[in-house]
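**Q** Here's the letter readout for the chains.
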Amino acid sequence: MLHIVACIKQVPDTKVIKMNPKTNTMDRRTAPAILNPYDAHAVEEAVRLRERYGGKVSVLTMGPPPAVKAIKKCIEIGADEGYLITDRRFAGADTLATSYALTKALNKISKENPVDLIICGKMSIDGDTGQVGPGIARRLDIPPLTSVNKVVEINKEEKKAIVHRKLEDGYEVVQSTLPCLFSVEKTINEVPYAPFPNMLKAAKYNPYIWSVDDLEDVDIKQLGLKGSPTIVSKVWAPPKPEGGTMLEGNRQEQVEQLLSILLKKKELFTIKGES
Amino acid sequence: MDFQDYQGVWVFIEEKDGAVASVSLELLGAGRKLADKRGVELAGVIIGEHIKHLSKTIFEYGADIAYVYDDPIFKNYRTESYMKALLDCSAKHKPEIILYGATSTGKDLASAVATDLPTGLTADTTELDVEEDTGLLLASRPAFGGNIMATILCKKYRPQMATVRAKVMKALPPEPGREGRIVEESILLREEDIRTKVLEIVKETTKKVRIDEADIIVAGGKGLGSAEGFQLVHQLAETLGGAVGASRDVVEAGWIEHAHQIGQTGVTVTPKIYIALGISGAIQHIVGMKNSGLIIAINNDPEAPIFESCHYGIVGDAFEIVPMLIEQLSEVMSREGVSHV
Ligand SMILES: Cc1cc2nc3c(=O)[nH]c(=O)nc-3n(C[C@H](O)[C@H](O)[C@H](O)COP(=O)(O)OP(=O)(O)OC[C@H]3O[C@@H](n4cnc5c(N)ncnc54)[C@H](O)[C@@H]3O)c2cc1C
Ligand SMILES: Nc1ncnc2c1ncn2[C@@H]1O[C@H](COP(=O)(O)O)[C@@H](O)[C@H]1O
Numbered sequence: 001m002l003h004i005v006a007c008i009k010q011v012p013d014t015k016v017i018k019m020n021p022k023t024n025t026m027d028r029r030t031a032p033a034i035l036n037p038y039d040a041h042a043v044e045e046a047v048r049l050r051e052r053y054g055g056k057v058s059v060l061t062m063g064p065p066p067a068v069k070a071i072k073k074c075i076e077i078g079a080d081e082g083y084l085i086t087d088r089r090f091a092g093a094d095t096l097a098t099s100y101a102l103t104k105a106l107n108k109i110s111k112e113n114p115v116d117l118i119i120c121g122k123m124s125i126d127g128d129t130g131q132v133g134p135g136i137a138r139r140l141d142i143p144p145l146t147s148v149n150k151v152v153e154i155n156k157e158e159k160k161a162i163v164h165r166k167l168e169d170g171y172e173v174v175q176s177t178l179p180c181l182f183s184v185e186k187t188i189n190e191v192p193y194a195p196f197p198n199m200l201k202a203a204k205y206n207p208y209i210w211s212v213d214d215l216e217d218v219d220i221k222q223l224g225l226k227g228s229p230t231i232v233s234k235v236w237a238p239p240k241p242e243g244g245t246m247l248e249g250n251r252q253e254q255v256e257q258l259l260s261i262l263l264k265k266k267e268l269f270t271i272k273g274e275s
Numbered sequence: 001m002d003f004q005d006y007q008g009v010w011v012f013i014e015e016k017d018g019a020v021a022s023v024s025l026e027l028l029g030a031g032r033k034l035a036d037k038r039g040v041e042l043a044g045v046i047i048g049e050h051i052k053h054l055s056k057t058i059f060e061y062g063a064d065i066a067y068v069y070d071d072p073i074f075k076n077y078r079t080e081s082y083m084k085a086l087l088d089c090s091a092k093h094k095p096e097i098i099l100y101g102a103t104s105t106g107k108d109l110a111s112a113v114a115t116d117l118p119t120g121l122t123a124d125t126t127e128l129d130v131e132e133d134t135g136l137l138l139a140s141r142p143a144f145g146g147n148i149m150a151t152i153l154c155k156k157y158r159p160q161m162a163t164v165r166a167k168v169m170k171a172l173p174p175e176p177g178r179e180g181r182i183v184e185e186s187i188l189l190r191e192e193d194i195r196t197k198v199l200e201i202v203k204e205t206t207k208k209v210r211i212d213e214a215d216i217i218v219a220g221g222k223g224l225g226s227a228e229g230f231q232l233v234h235q236l237a238e239t240l241g242g243a244v245g246a247s248r249d250v251v252e253a254g255w256i257e258h259a260h261q262i263g264q265t266g267v268t269v270t271p272k273i274y275i276a277l278g279i280s281g282a283i284q285h286i287v288g289m290k291n292s293g294l295i296i297a298i299n300n301d302p303e304a305p306i307f308e309s310c311h312y313g314i315v316g317d318a319f320e321i322v323p324m325l326i327e328q329l330s331e332v333m334s335r336e337g338v339s340h341v
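Order-wise, the sequence lines are chains A and B. Mind the numbering: the first sequence is residues 1 to 275 in this note's numbering, read in order. Mind the numbering: the second sequence is residues 1 to 341 in this note's numbering, read in order.
For reference, chain A alone in the conformation it holds in the complex (with noise of 0.2 angstroms):
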């Protein structure tokens, strides 16, 4: 029987956001709020891991009270049981104090029920740093298994994990010691649609709400905006490029220009060529 834990992060979708062109900050009332894509491929391959080993799949959240929203959207997805840590003292985390915070409350579920396996989502499309998931193994002293594309194996008795982790040009076969964190690529599965029971057990799902004063062993000091090394000094927006000549004239002028213009450079087009 494992236990699974899913670190997902509800985050504002980048793709319809919009910016005050101002101020240069993003107005939040035109983004709306989704889970992070790549932690519902997190969650989705924990509940595969749960089909196939038994066990049980816990999501957990660091954000603001909204964030109930994405735990039901991962119960959908089939997880058992969702966490959603909140607090104004964890405001303005960077990756560290994220990691920081999210490890004391792994240290608390792990408690009641200890935790084999730890699943993050490659990055989160807000943060877009990926260095929650490796931070969170530093801190609990298990190893991180960033670009997880497949999972070949996990053995609890004998406590090995093994996966494939991708490369630049490839992938590489790893086997880690069990508890162990991985981080997965997008890759790694599909996320169907919800099955309809899923749907009615998130309608009614209240996630365990936990704020700092339910956390062990807490340092106030790095927690939030205080215990983030990083801090962003400034915005703006991206210089606009000068844009370039446009093709004029019919379109058999317009294609007679560009060729010449291609083959300028036609010793490119030439691979092995005449040398």
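Calculated from the structure, these hints are not laboratory results. Just so you know, nobody snuck in bad clues.
Distance condition first, Cα-Cα at most 30 angstroms in a straight line; then the derived DSS-like pairs of lysine-lysine:
#: 1; chain 1: A; residue 1: LYS166; chain 2: B; residue 2: LYS272
#: 2; chain 1: B; residue 1: LYS203; chain 2: B; residue 2: LYS167
#: 3; chain 1: A; residue 1: LYS186; chain 2: B; residue 2: LYS290
#: 4; chain 1: B; residue 1: LYS222; chain 2: B; residue 2: LYS272
#: 5; chain 1: A; residue 1: LYS266; chain 2: B; residue 2: LYS167
#: 6; chain 1: B; residue 1: LYS155; chain 2: A; residue 2: LYS234
#: 7; chain 1: B; residue 1: LYS197; chain 2: A; residue 2: LYS166
#: 8; chain 1: B; residue 1: LYS170; chain 2: A; residue 2: LYS266
#: 9; chain 1: B; residue 1: LYS167; chain 2: A; residue 2: LYS265
Quick caveat: nothing in here was measured; it's all calculated off a predicted structure.
Using the hints, position chain B with the ligands against chain A.
**A** Using the frame of chain A, we list chain B with the ligands on its own:
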């Protein structure tokens, strides 16, 4: 923490097929500028097995010092072993700044090291600068899906760390014979202390195109309408002997694999010729190709932002223009005997 104790700019050197990875050479170029501005030395940290010879290359590309951890235990990259080496090196020699390529290895290592030090880490940086007097690293990166740029600082901790996107910084021209100081380091690590083992490495280069290495890229977007329409991109690429690129929307539609995606969440490319067909030119796409030598865009919407980022543009239907172009190109090429091998 006394900031005076922390000096020098470091680059974590990645090895690729027995040579220094190009991203590391680019970072040495960027690191050299930072080091010169601060009046300090530039070092490369090389970890691996049989990798001492890489020092020569990094000196030629601007490093003053090579810290070398050469041991069979470092044969394959593993977070725990590499992290321990880097933490050891950092504790001994106290750099002010450490840069890593934003590759899967660089990001993995930097995240672990940052947590243990602890210090701040800025991911996927695209611009780097340093304050001459304070040594504060100004690491800038696109944020919120590329909608804005943000400068991130780490004021209270040293070393300061950043991962940097490949193909954004420029390597210096190598200076043959340029010399530096090799510092051989070692740590006591037993295989039993490392909790992961690499069982096998599978290369998939044979069938996968490395679009980041192509001289010519023809990229297609959602404007091509369908997987069949997208064949147009393949046809032009074939005629020119180039590689095929795509926007994210095309990849999401399943017309082509993710390995071909160009942009913020795909590959950054700098070919000599980049041709965009039916790509609108969203900022997330532009950041991945804007440093290309010659950018040509064909789009039927005169207002498409891609026209602000190209050298030459044609407003029109790609399905009308490209077949004409292919025909005329093929004609010229067969006449002049330009052929692909
Ligand atoms: C966090 C984040 C990360 C992202 N990362 C990436 C990334 O890495 N890479 C990336 O590409 N995108 C990325 N995107 C998506 C990006 O914002 C755009 O949605 C995407 O690039 C648009 O793809 P497109 O240009 O193919 O499609 P569209 O925006 O739909 O553009 C299609 C264009 O084709 C033109 N067209 C239509 N018919 C024709 C025709 N017959 N002939 C010629 N032109 C025609 C249209 O006028 C239009 O301009 C990211 C977004 C987010 C939020
Ligand atoms: N606030 C959070 N709560 C829970 N998990 C998180 C949070 N932030 C990040 N994560 C996890 O860490 C991964 C990487 O996030 P990031 O480092 O922000 O790119 C995400 O895909 C999540 O799995």
